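Colleague: Each step along the sequence shown adds one to the number in the UniProt record's numbering, with nothing skipped, and position 1001 is 1001.
There may be inaccurate statements among the hints.
Restricting the straight-line Cα-Cα distance to at most 25 Å, the calculated cross-link-like pairs of lysine-lysine (BS3-like) are [claimed, not checked]:
no. : residue 1 : residue 2
1   : 645       : 282
2   : 747       : 1004
3   : 602       : 645
4   : 979       : 1004
5   : 668       : 602
6   : 652       : 602
7   : 891       : 730
8   : 147       : 204
9   : 1009      : 979
10  : 829       : 920
11  : 652       : 279
12  : 901       : 730
Derived from the structure by calculation, the hints contain no laboratory data.
Bear in mind the structure is a predicted one, so any value in this text is a computation, not a measurement.
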Amino acid sequence: MSAQQLRLHELATQISFLQNHISSLPRPHPLRVPCVQALAFALLERYTMLNDSHDLDQSILHFTEAIFLPLPPVPWDGRCRNIIQIFWAITLALVRRTIESRQPEDVTQSIIYLRYLRGQSLEAFNIPPNHVTGYLVNALAIRAELKLEDVRQDIEEMAVLCHELLKSDISTTSLSCSIMGLVRAVFVNTQSRMLSEQQEPSDKVIECLREANVRLPDSHEVSIMLAWSLFDRYCIACSNDDYEEGITILDNVIRASGAQCQEIALRLVTSFAGTRFCKFGKPEYLEEAIYRTRTLLGGDTFLGDVLHPTLMYGLTFLQGFRFDGSGVASGFREHLRNSGVSDSDHPSFQDLTASFTELNVDNQYKHLHAIMSVDCVTDEVEVEEAIKYCRLLLGSSHHGSIIADLADVALGILLPRAFWSTSKIEYLNEAISVLRDTFNTPGVQRADFSVIQRLISSLSIRSNLFHRREDFDEIMQLFPMAVSDERARTPDRFLLSCDWALIARNSRHSSTLAAYDCAISLMQDTLIYFPTLDIQHSRLVPIRDRYETLPLDYASYHVSTGQLPRAIETLERGRALIWSEMRGLRTSIDQIRATDSHLAEKFAAVNRDLEMLTLTISSNSDDYGRDGRSIRMDPFGHLVVQQRKLLDYRNKLISQIQALPGLETFLKSPSFDNLRSAAVRGPVIIINHSIWRSDILILGHSSPPSLIPTADDFYDRANDLRDQLLGARKEGLDSNQYEDALSSVLKELYELVGQPVIQRFNELRVPEQSRVWWCPTSVFCSLPLHAMGPIPSDDGPAQYFLDLYIPSYTPTLSTLIESNTPCSYTSDKPSILLISQPDASLPGARGEMRVVQATGTDVTTLISAMATPTAVLESLRDHRFAHIVCHGVLKPGKPFEASFKLYRDKCLSLFDIVQSRLPKAEFAFLSACHTAELTEESIADEALHLAAAMQYCGFRSVVGTMWAMADIDGRDLARNFYKQVFSGRKQGERYYERTAEALRDAVKNLRRKTGMTLERWVNFVHHGA
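Given these sequences and hints, build the entire structure.
Modeller: Below you can see the structure in the form of structure tokens.
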């Protein structure tokens, strides 16, 4: 017989004896107490050996009796236990039964007894206090799992108890058991977080889990629950410390743990990243969220039939933000289709409503998936079914729960759609009510901005329908709240601020100036929201109607209030922003170095890094390459994350620089006093083309701006002229239709612009043959202002604007100021770099080459195979003048791919040029087609053409062409041009400063040739100094 069998036999004998003996003892008998105690202990011991629940029940029954029996006045039997020891024993028995039965009364009784014991002096009875505390933690954990009382209150108590244990000398095994009880309770609470009112987790719980994570480093369950608690708190408090700590913990778990823990960690880290983007809207947060979601979807973890489509919708939602330059919804649907998720993949809301049962943890993801899919619902019947379903969800969920909040957001999307499809005002009224409630609900993820947009839209509709003043007043209160929400995407805020300015100005509201100022402040931020030049431009094109017109409209507002200097500042602030951004990255650090050389070097370094990144050729394509189990962040995502880091660092450095004496205005928008220096060598004519009012402003160096108001039809006539010219160009530049259209356009341009400008010049006593600069906006960027005419005259040959004045163009005043900045003077003739690609399609190229080579100065020639893109860029660094004879190429919608065609069709693109720094550069003659022409589908006021690129990389003056060039004109134009540049120079005058007059005179000579057409001589323009 084994020792266990022997002991069981002894226990059976003892139990039988005690039962018989107790039955014969009256209740007051002094032997009854020790016998009942002995029987209870024997039954409990046999239960531990045989696991017979009857023994456990009987043991608890006899322990209970022993507690209520009066102890003998003088204990005559040393085996008679103290009441505290009996309480401890019955508590152990109850805890055991609680673990097995999970009966509420057992749980409650165990907690009562354990709390009682904690109030006693246990050491005197050889009862380890830590054991009592540990059992109480586990009893509370069971009660929390059964949700018998306030779960949060139980968790709070458990955290206090576990904190005690963590500070004690308890064994690791016992401590782990208690901590896992806390983990289970917290897990139960988090599982139902979508269905209950959102509450911030207790600091005590998080601190306890944090300590436990240190004491039990191998317990991934503790790590995950700490991260989960940090996530719950992050959802409400939005602390970056919580985010960073949680992500670090989860990444460690993912790297180290097995499949089950890794799956939970992957889900949670995805939730963390997605929530951060939803709350703050930063581009780098978006990329992190996309990367984390892809990792979860691309792993080997089985996600289930409900969670997988929910994550797919989440991923397409996020990627919709990335790929859509103007708004979210359209990009979301488009990317759904590109991702293989059909718009019709959303569940049947009619079926969901019909089969609806009580919301619970098991079906919460099914309902979450349904809510997330409402953006795809457009059919009228389906919209109404989805509305019924969302109402049902709201009626069945706790107010303030995630499900309830999301159902509110979904209704805010669906109800306006129902109104548009049915015209039932009840839907519109309910939409406004729901959107108001949602907007006023704290902590609704990503809701504030999107909800306020829909609320403004719905209120606007009702205001327009019923002319309700209270609706209008509410709208005007909501606009500043929305556009100042830094958690929203900057492009979305910019668009909404444009709406604000439009509505405010239309209604003559007092917030008009604030609205315009907000919008123009967001323009530059909208540009740099995207990481690279090509993406910046492509993302701005869809919103070009706002992006182009906002600064022009704002300037017109200043003009209407008599603020001409502010109008000029506004136009400068809102135009050619891409070039402005790039010039900012090449800002001189000399003044900074004189005060703080270390700061200057740091600023120069971050500028170099940002320029290199901005000039990266980027791609929006998805990269699903694998690295082990996880998917790498794609190249575009890396660009975004790196750009934001550099921008943040650069902004901090700029703040430090602006704190230095004398550098308070460093990189701030230039003031009018600074801008007027652009007119130091002659007046600048600014044409503001706005639908509100169009004006011509003449900027002088030392006099106030001169305003030339225009006729009411000025705006429309200018549009017609642009359309007429571009339309006729499709017939061919050498066609009669184009010649007639150009003649008509030049004549009407004179009436529209030339005549009033010349008249004002006379009033201002600007002498004829003065240098003047055109600074056009909008459609005028494509119109030949320099050649307006003919000017009516009683006698003599026909004269055009360029006969009276020496015209040049500049995209902005800052560009002209930079071109006018004196370089080191030298009396030597500049050397010329001649680049040429003579072939059968350019028969006049060799003649033009000979003319340039005969100028009497040093000429370096790169011809045919010698003229590779690399050789050209390297040689440009060593020459002050450049003359390029080749084909110019434009690609519609791709301004950065405008290029010079070199040997064997290799191209020197605009993108290649802007990457160069040419400190010696002074003048470039671009004898090629389209070099000063805007690409179709490009933003006019950004001036993205080859001539502007040459200016950016260092050339102070550039001759370019507005359209395709006649090859036969290059030789004669170049001969007359260089003849004048290199003869009769005034003392101290730099050679490049003579190029505008030289071009003007060369064009006049060209015009006198027999058979010369308008389009051939009008084509040539001068940019810069």
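Colleague: Is the straight-line distance between the alpha-carbon of residue 901 and that of residue 730 25 Å or less?
Modeller: This hinted pair holds, its Cα atoms lying about 22 Å apart.
Colleague: Straight-line Cα separation of residue 602 and residue 645 no greater than 25 Å?
Modeller: Cα-Cα ~14 Å, so holds.
Colleague: Verify the proposed pairing of residue 979 with residue 1004, using a straight-line Cα cut of 25 Å.
Modeller: holds, 14 Å
Colleague: Are the Cα positions of residue 891 and residue 730 separated by 25 Å at most?
Modeller: Holds, at about 15 Å.
Colleague: Regarding the pair residue 645 and residue 282, is the alpha-carbon distance no greater than 25 Å?
Modeller: holds, 12 Å
Colleague: Quick one, are residue 747 and residue 1004 close enough, alpha carbons at most 25 Å?
Modeller: holds, 18 Å
Colleague: Holds or violated: residue 652 with residue 602, Cα cutoff 25 Å?
Modeller: With a Cα-Cα distance of about 11 Å, the restraint between residue 652 and residue 602 holds, given a limit of 25 Å.
Colleague: Starting from residue 829, check that the Cα of residue 920 is at most 25 Å away, please.
Modeller: holds, 13 Å
Colleague: Can the restraint linking residue 1009 and residue 979 be considered satisfied, given a maximum Cα separation of 25 Å?
Modeller: The given pair, whose Cα atoms are some 18 Å apart, holds under the 25 Å limit.
Colleague: Could you grab the alpha-carbon distance between residue 147 and residue 204 and see if it respects the 25 Å cut-off?
Modeller: holds, 20 Å
Colleague: Is the straight-line distance between the alpha-carbon of residue 652 and that of residue 279 25 Å or less?
Modeller: Holds - the C-alpha atoms of residue 279 and residue 652 are around 23 Å apart, at most 25 Å.
Colleague: Would the pair residue 668 and residue 602 pass a check requiring their Cα atoms to be no farther apart than 25 Å?
Modeller: holds, 19 Å
Checked against the numbered hints listed earlier, the structure breaks none of them; every hint is satisfied.
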